[in-house]
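So the sequences go chain by chain: S, H, D and C. For the first sequence, our numbering assigns the number 610 to the initial residue and increments by one for each residue that follows. For the second sequence, our numbering assigns the number 610 to the initial residue and increments by one for each residue that follows. For the third sequence, our numbering assigns the number 81 to the initial residue and increments by one for each residue that follows. For the fourth sequence, our numbering assigns the number 114 to the initial residue and increments by one for each residue that follows.
Derived from the structure by calculation, the hints contain no laboratory data. Note that CB positions come from ideal geometry on N, CA and C, so glycine has one too. One or more hints might be untrue.
Below 25 angstroms or equal to it, Euclidean Cα-Cα: the simulated SDA-like pairs (lysine to any residue) are [claimed, not checked]:
(1) C/Lys170 x C/Asp491
(2) S/Lys667 x S/Glu684
(3) C/Lys474 x C/Arg238
(4) C/Lys564 x C/Asp728
(5) S/Lys676 x H/Gly635
(6) C/Lys174 x C/Gly484
(7) C/Lys639 x C/Cys563
(8) H/Lys676 x C/Gly451
(9) H/Lys652 x S/Met610
(10) C/Lys304 x C/Arg238
(11) S/Lys667 x H/Ser639
(12) H/Lys676 x D/Glu157
(13) S/Lys667 x H/Asp655
(14) S/Lys622 x C/Glu414
(15) D/Lys158 x D/Asn240
(16) C/Lys449 x S/Gln647
(17) C/Lys520 x C/Asp728
(18) S/Lys676 x S/Glu689
(19) C/Lys312 x C/Lys398
(20) C/Lys449 x D/Asn240
(21) C/Lys255 x C/Glu842
(22) C/Lys312 x C/Lys444
(23) D/Lys196 x C/Gly550
(24) H/Lys667 x S/Ser639
(25) D/Lys196 x C/Asp306
(26) C/Lys449 x D/Leu111
Among the chain H residues that face chain S by a calculated CB cut under 10 angstroms, a handful are [what the hints assert, rightly or not]:
(27) Lys622
(28) Lys631
(29) Ile633
(30) Phe642
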Amino acid sequence: MPTYNATVTVRLKNGVLDPQGKAIEGALGSLGFDGVEQVRQGKTFDVVLDAATQDAAKESLNAMCEKLLANTVIEDYAVEVAG
Amino acid sequence: MPTYNATVTVRLKNGVLDPQGKAIEGALGSLGFDGVEQVRQGKTFDVVLDAATQDAAKESLNAMCEKLLANTVIEDYAVEVAG
Amino acid sequence: MKTTIIQFPGSNRDRDMIAAITLISGQSPALAWHTDTTLPDSDLIIIPGGFSHGDYLRSGAIAARAPVMDAVREASEKGVRILGVCNGFQTLTEAGLLPGALMRNAGLTFVCKNVKLEVANNTNPFTARYAQGEVISCPVAHHDGNYFADGETLQQIEDNGQVAFRYAEGTNPNGSQNDIAGIFNTAGNVLGMMPHPENLVEPAHGGIDGCRLFEGALNMLETQAA
Amino acid sequence: MTVNNTHPITPELVAEHGINEEEYARIVELTGREPTFTELGIWSAMWNEHCSYKSSKKWLKTLPTEGPRVVHGPGENAGVVSIGDGDVVVFKMESHNHPSYIEPYQGAATGVGGILRDVFTMGARPIASMNALRFGEPDHPKTRHLVSGVVAGVGGYGNSFGVPCVGGEVNFHPRYNGNILVNAFAAGIAKEDAIYISKAEGVGLPVVYLGAKTGRDGVGGATMASAEFDDSIDEKRPTVQVGDPFTEKCLLEACLELMATGAVIAIQDMGAAGLTCSAVEMGAKGDLGIKLNLDDVPVRETAMTAYEMMLSESQERMLMVLRPEKEDEAKAIFVKWGLDFAIVGETTDTLRFEVFHQGEKVADLPIKELGDEAPEYDRPWVEPGKHSPMERHMFAPPDDYNAALIKLIGSPDLASRRWVWEQYDTMIQGNTLVRPGGDAGVVRVDGHPCKALAFSSDVTPRYVEADPYEGGKQAVAECYRNLIATGAEPLATTDNLNFGNPEKPEIMGQFVAAIRGIGEACEALKMPIVSGNVSLYNETNGEAILPTPTIAAVGLIEDHACMARIGTADEGDALFLVGTEAEHLAQTLYQREILGEECGPAPEVDLQMERARGDFVLAAIRSGYASACHDISDGGLAIALAEMCLASDCGADCEIDITYPHAALFGEDQARYIVAVDHEWANMFAANSEGSGVSFARIGTVTAEGAGARLKINDLVDVTVADLREAHEAWFPDFMAQTALAEAAE
Ligand SMILES: Nc1ncnc2c1ncn2[C@@H]1O[C@H](COP(=O)(O)OP(=O)(O)O)[C@@H](O)[C@H]1O
Ligand SMILES: [Mg+2]
Numbered sequence: 610m611p612t613y614n615a616t617v618t619v620r621l622k623n624g625v626l627d628p629q630g631k632a633i634e635g636a637l638g639s640l641g642f643d644g645v646e647q648v649r650q651g652k653t654f655d656v657v658l659d660a661a662t663q664d665a666a667k668e669s670l671n672a673m674c675e676k677l678l679a680n681t682v683i684e685d686y687a688v689e690v691a692g
Numbered sequence: 610m611p612t613y614n615a616t617v618t619v620r621l622k623n624g625v626l627d628p629q630g631k632a633i634e635g636a637l638g639s640l641g642f643d644g645v646e647q648v649r650q651g652k653t654f655d656v657v658l659d660a661a662t663q664d665a666a667k668e669s670l671n672a673m674c675e676k677l678l679a680n681t682v683i684e685d686y687a688v689e690v691a692g
Numbered sequence: 081m082k083t084t085i086i087q088f089p090g091s092n093r094d095r096d097m098i099a100a101i102t103l104i105s106g107q108s109p110a111l112a113w114h115t116d117t118t119l120p121d122s123d124l125i126i127i128p129g130g131f132s133h134g135d136y137l138r139s140g141a142i143a144a145r146a147p148v149m150d151a152v153r154e155a156s157e158k159g160v161r162i163l164g165v166c167n168g169f170q171t172l173t174e175a176g177l178l179p180g181a182l183m184r185n186a187g188l189t190f191v192c193k194n195v196k197l198e199v200a201n202n203t204n205p206f207t208a209r210y211a212q213g214e215v216i217s218c219p220v221a222h223h224d225g226n227y228f229a230d231g232e233t234l235q236q237i238e239d240n241g242q243v244a245f246r247y248a249e250g251t252n253p254n255g256s257q258n259d260i261a262g263i264f265n266t267a268g269n270v271l272g273m274m275p276h277p278e279n280l281v282e283p284a285h286g287g288i289d290g291c292r293l294f295e296g297a298l299n300m301l302e303t304q305a306a
Numbered sequence: 114m115t116v117n118n119t120h121p122i123t124p125e126l127v128a129e130h131g132i133n134e135e136e137y138a139r140i141v142e143l144t145g146r147e148p149t150f151t152e153l154g155i156w157s158a159m160w161n162e163h164c165s166y167k168s169s170k171k172w173l174k175t176l177p178t179e180g181p182r183v184v185h186g187p188g189e190n191a192g193v194v195s196i197g198d199g200d201v202v203v204f205k206m207e208s209h210n211h212p213s214y215i216e217p218y219q220g221a222a223t224g225v226g227g228i229l230r231d232v233f234t235m236g237a238r239p240i241a242s243m244n245a246l247r248f249g250e251p252d253h254p255k256t257r258h259l260v261s262g263v264v265a266g267v268g269g270y271g272n273s274f275g276v277p278c279v280g281g282e283v284n285f286h287p288r289y290n291g292n293i294l295v296n297a298f299a300a301g302i303a304k305e306d307a308i309y310i311s312k313a314e315g316v317g318l319p320v321v322y323l324g325a326k327t328g329r330d331g332v333g334g335a336t337m338a339s340a341e342f343d344d345s346i347d348e349k350r351p352t353v354q355v356g357d358p359f360t361e362k363c364l365l366e367a368c369l370e371l372m373a374t375g376a377v378i379a380i381q382d383m384g385a386a387g388l389t390c391s392a393v394e395m396g397a398k399g400d401l402g403i404k405l406n407l408d409d410v411p412v413r414e415t416a417m418t419a420y421e422m423m424l425s426e427s428q429e430r431m432l433m434v435l436r437p438e439k440e441d442e443a444k445a446i447f448v449k450w451g452l453d454f455a456i457v458g459e460t461t462d463t464l465r466f467e468v469f470h471q472g473e474k475v476a477d478l479p480i481k482e483l484g485d486e487a488p489e490y491d492r493p494w495v496e497p498g499k500h501s502p503m504e505r506h507m508f509a510p511p512d513d514y515n516a517a518l519i520k521l522i523g524s525p526d527l528a529s530r531r532w533v534w535e536q537y538d539t540m541i542q543g544n545t546l547v548r549p550g551g552d553a554g555v556v557r558v559d560g561h562p563c564k565a566l567a568f569s570s571d572v573t574p575r576y577v578e579a580d581p582y583e584g585g586k587q588a589v590a591e592c593y594r595n596l597i598a599t600g601a602e603p604l605a606t607t608d609n610l611n612f613g614n615p616e617k618p619e620i621m622g623q624f625v626a627a628i629r630g631i632g633e634a635c636e637a638l639k640m641p642i643v644s645g646n647v648s649l650y651n652e653t654n655g656e657a658i659l660p661t662p663t664i665a666a667v668g669l670i671e672d673h674a675c676m677a678r679i680g681t682a683d684e685g686d687a688l689f690l691v692g693t694e695a696e697h698l699a700q701t702l703y704q705r706e707i708l709g710e711e712c713g714p715a716p717e718v719d720l721q722m723e724r725a726r727g728d729f730v731l732a733a734i735r736s737g738y739a740s741a742c743h744d745i746s747d748g749g750l751a752i753a754l755a756e757m758c759l760a761s762d763c764g765a766d767c768e769i770d771i772t773y774p775h776a777a778l779f780g781e782d783q784a785r786y787i788v789a790v791d792h793e794w795a796n797m798f799a800a801n802s803e804g805s806g807v808s809f810a811r812i813g814t815v816t817a818e819g820a821g822a823r824l825k826i827n828d829l830v831d832v833t834v835a836d837l838r839e840a841h842e843a844w845f846p847d848f849m850a851q852t853a854l855a856e857a858a859e
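Sequences and hints are given; from them, build the entire structure.
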């Protein structure tokens, strides 16, 4: 089976409070970085996986997101599989 | 000044231990996802910022990474600014 | 001997530290706020435990970039003793005053319990009042205490005798490399440690083995300390 | 950009707000016209079960709430009780059940945040917390995920905020499969003359918004918290609130700093339906009107409507009435702590609640009626039936007492909760004298040379299910015993009454009977109720939770040099049973875990006997006789002995005069304790017991510590303490190790 490199990105849904992002905004401001309007923090997962095809890899990653990688109550996710 | 949307990705350097990634690997295995060879967890920052030009935005984001967003002892970073 | 305790928004074992220093030295410590740019004249500067800035981004990361840390760095260069406990240790590594980094606990959860600590190097004033190899029971309470340094750095730390404390008797609570619980800088005037000696200074805490660390740091004579 | 605040009021919309036709007619009458959309939101928030207590009020009024030490009883953010020297303890318990089921980490975290805010709003610095948790059966597919998320959330918030967790409860039962319970308790200490309440005073004074910005978090949350679950729950999800313990910690420090300046006239935290409930409460209590201008409310999202702002449940916010001359000083404190500070309105003498947005008046309502005229229902209820007695001979003895004991001590409800409490900071602040794992948690009163406070949280839901009245009594009695067992004088109580749908007469009957029991017990044991919380509609697809009136209480230890612990028994100590041989096996863990049944009546609680034995044990501890003490509850005498051996790391050799071994060892009769007494004092202790008329028996001796320690009881039990420990410690970690580490990615 071929091996794929994939990246999963998980972000907070719009409107969900992001205390970390807010704290980072503040810290950037006090470090003198002007012009930062917003920071939202998310997660990435770099996954190396074996799958029959690229589509199969993608499908499996989507399932991983639904089951574990993302908390779909408050987060959205995106999956990218390198060819 | 125009406003730019940028994404900063921060990943652990190779060789740096990633307890979260390891745990996720294990968890995916016990959820029945076969073929996962490795998971490494990283962070993304979606930043909205004002800057004179795209290059200036990029420069500023690099500086943010060096100064705060990444701990360069253990992490690498990449900056992407949407046009 | 004068002590200054640095406070960040989100510090929460600052009060424990103030109480411990006051009890042991008989003097209340001076306090410095994260935005201060100068520090009172001090012999010992302490960065206490807690969740400075919520530990958002990385534990201690935002605190390490606060204005007061420039003053701490300056003091450290002058040889003033600096102690970082728990979040203070994380902050010192983030500030580059100590090598390495403190990662998420291997078990991924916050852990609060007593561990066994072995004194790995007692040739420093901070640890001089312990016997080399002495094992004490000491509380830990943290989420990110998993000490990591790259191979070369780790080797140097070991070779230079920079390891102050190690988790002993299989009680490593976080997966730290080489069971490292606390380290000195190369000059020996900066100590960072995850366990909480400030919660081990009264019989009511279940033991007073933490006192000797502060007595050493404050150059207190044995008789004074008794 | 202007946003549209108008929205036609249809019968469907009214129904969606949980308002019935009769209630709506009353709303129209009180408003004097059709309400606006914003007003409808305000009415629904004020009149839903969560804020108005409309089903429970009638019964809550029957609880004893007064006592010589009570400074503020129910009605404020938290109860306030004097502990002498001008100090008070401020405490309350509150549920976050539904939100924790939907998003366990954030639901539990914001539950902890909410209760901490209740305490420090009154000017008290939080010094202790507890958490009472009920989950579905261990094998239910959701249980592990919920346990790991809830525990991480409780810890994540409390650890960062910096309050020690000193106790709690964890139970598993299939009846919580679809409705877990997360009840969070917090206590703080303040000076009696520096307590703040929500009653505003003075006209034309600034109303100030403090803390974090307002988002759309939890809009509709108060309505959700009172709605029965069905399978459409997923659609209710976008209302999840996220906790920010860092902001809360800053808010604590800023509020205490501000209060010290004398700038605060009244203050109220924003909980459910934040801005609405807090503003109405401050005005109504002070017989004042309140005018709010929503254009000045700090927001973190664009285009928020008045409706959304009035109903938002964004966390870490407060509302305050300020002395105008102190405005600059007050603002500087909040800026220092990085928090929002905005004047959003003023007090008026109109008794109206007026809300403006974009120059338009979006609400104009009679402020007193919003609260005072909320419906109060006398819901139909039926007296719960009584089970006929089950004599002890009706229960089979175990085939093997050793195996039964090991099985029990390693069963889900009796196994060590170390896996849980090691994720909580139990010693921050440096005052914790007894960490979780004993009877009550104990914390020193900071700055006082010898005083300490004890905390316990208890209820045995299977008893309440079997007999709500006795079960209600038992919850209070067990809490009382846990405090007594540390040497604390029980002072006062808070409750968190978790039940099913009160519109069902059987459920309402459980509620009524449980309150009767709780009230009688609090009266008899002199532990008035000073605060509390009701959580109804805990049902999924028509099946209710076990009725779970959680009781938490605070006790005072005058001198912590004279207290007792479970873990300080020494070799050679004499072991005494205070109480008599147990007979009651129905509804015990023995019945459930060993015989595989759950039926029959709950044990009865004789409150006079509780009081007499409690007084005796307390006096013995205070006079220094007890080297260790433990109350007897779940699992009976044998389990209590095993727990004492485990905690003290010792063995015990017991020779007990009994007639019916398995009932004597595993029966759960109430009002009993084990006391370990230095052998030199044993005769004196026995003489005292006799003199006081309290039943007691000398049952054995504490034996050597360490590896070879054994627990022996007559010729029935002979096990190593190591085997007991193995079973006791293994269950929780083994159970959780099977989890898919759902929180790995947190
Ligand atoms: N969720 C929890 N958080 C902290 N401590 C807990 C929790 N659950 C149980 N504990 C602690 O574990 C010990 C045993 O609990 P429990 O069996 O309910 O005690 P008891 O029978 O004395 O009421 C107590 O010290 C209790 O405080
Ligand atoms: Mg108990």
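Evaluated hints:
1. Between C/Lys170 and C/Asp491 the alpha-carbon distance is near 9 angstroms, which keeps this suggested pair within the 25 angstroms criterion.
2. In summary, the hint linking S/Lys667 to S/Glu684 is supported, as the alpha carbons are separated by about 19 angstroms, within the 25 angstroms threshold.
3. About 39 angstroms separates the Cα atoms of C/Lys474 and C/Arg238, which puts this hinted pair outside 25 angstroms; it is violated.
4. For the given pair, C/Lys564 sits about 19 angstroms from C/Asp728 by alpha-carbon distance, which is consistent with the 25 angstroms threshold.
5. A hinted pair counts as satisfied when its Cα atoms are at most 25 angstroms apart, and S/Lys676 with H/Gly635 qualifies at roughly 14 angstroms.
6. Between C/Lys174 and C/Gly484 the CA atoms are separated by roughly 16 angstroms; this keeps the pair inside 25 angstroms, and the hint holds.
7. Distance check on the hinted pair: C/Lys639 and C/Cys563 sit about 23 angstroms apart at the alpha-carbon level, within 25 angstroms; holds.
8. Taking the CA atoms of H/Lys676 and C/Gly451, the gap is about 21 angstroms. The hint holds against a cut of 25 angstroms.
9. Only pairs whose Cα atoms come within 25 angstroms are accepted, and H/Lys652 paired with S/Met610 is rejected, the gap being roughly 29 angstroms.
10. As the CA atoms of C/Lys304 and C/Arg238 are separated by approximately 10 angstroms, the hinted pair is consistent with the 25 angstroms bound.
11. A hinted pair counts as satisfied when its Cα atoms are at most 25 angstroms apart, and S/Lys667 with H/Ser639 qualifies at roughly 19 angstroms.
12. Taken as a hint, the H/Lys676 and D/Glu157 pair is honoured in the structure, with Cα atoms around 21 angstroms apart against an allowance of 25 angstroms.
13. Proposed proximity of S/Lys667 and H/Asp655 is supported: the alpha carbons are some 24 angstroms apart, at most 25 angstroms.
14. Of the supplied pair hints, the one linking S/Lys622 and C/Glu414 holds, its CA atoms being roughly 13 angstroms apart against a limit of 25 angstroms.
15. Under the criterion of a C-alpha separation no larger than 25 angstroms, the hint pairing D/Lys158 with D/Asn240 is consistent with the structure, at around 21 angstroms.
16. Only pairs whose Cα atoms come within 25 angstroms are accepted, and C/Lys449 paired with S/Gln647 is accepted, the gap being roughly 22 angstroms.
17. Under the criterion of a C-alpha separation no larger than 25 angstroms, the hint pairing C/Lys520 with C/Asp728 is inconsistent with the structure, at around 34 angstroms.
18. Proposed proximity of S/Lys676 and S/Glu689 is supported: the alpha carbons are some 17 angstroms apart, at most 25 angstroms.
19. At roughly 5 angstroms between alpha-carbon atoms, C/Lys312 and C/Lys398 fall within 25 angstroms of each other, so this suggested pair holds.
20. Our distance criterion of 25 angstroms between C-alpha atoms is broken by C/Lys449 and D/Asn240, whose separation comes to about 42 angstroms.
21. This hinted pair checks out: C/Lys255 and C/Glu842 have alpha carbons roughly 23 angstroms apart, not beyond 25 angstroms.
22. For the given pair, C/Lys312 sits about 22 angstroms from C/Lys444 by alpha-carbon distance, which is consistent with the 25 angstroms threshold.
23. Simply put, D/Lys196 and C/Gly550 have alpha-carbon atoms about 20 angstroms apart, close enough for the 25 angstroms limit, and the pair holds.
24. Straight-line distance between C-alpha atoms of H/Lys667 and S/Ser639 comes to about 19 angstroms, which keeps the hinted pair within the 25 angstroms bound.
25. Between D/Lys196 and C/Asp306 the alpha-carbon distance is near 45 angstroms, which puts this suggested pair outside the 25 angstroms criterion.
26. With a CA separation close to 15 angstroms, the supplied pair C/Lys449 and D/Leu111 stays within the 25 angstroms bound.
27. Hint on H/Lys622 is violated. Least Cβ distance to chain S is approximately 12 angstroms, over the 10 angstroms limit.
28. Checking H/Lys631 against chain S: minimum C-beta separation of about 12 angstroms lies over 10 angstroms; hint violated.
29. For H/Ile633, the suggested interface contact is upheld, since its CB lies about 7 angstroms from the closest CB of chain S, less than 10 angstroms.
30. A cut of 10 angstroms between beta carbons decides the hint on H/Phe642: the least distance to chain S is about 6 angstroms, and the hint holds.
Violated hints, listed in ascending order, are 3, 9, 17, 20, 25, 27, 28; each of the other numbered hints is respected by the structure.
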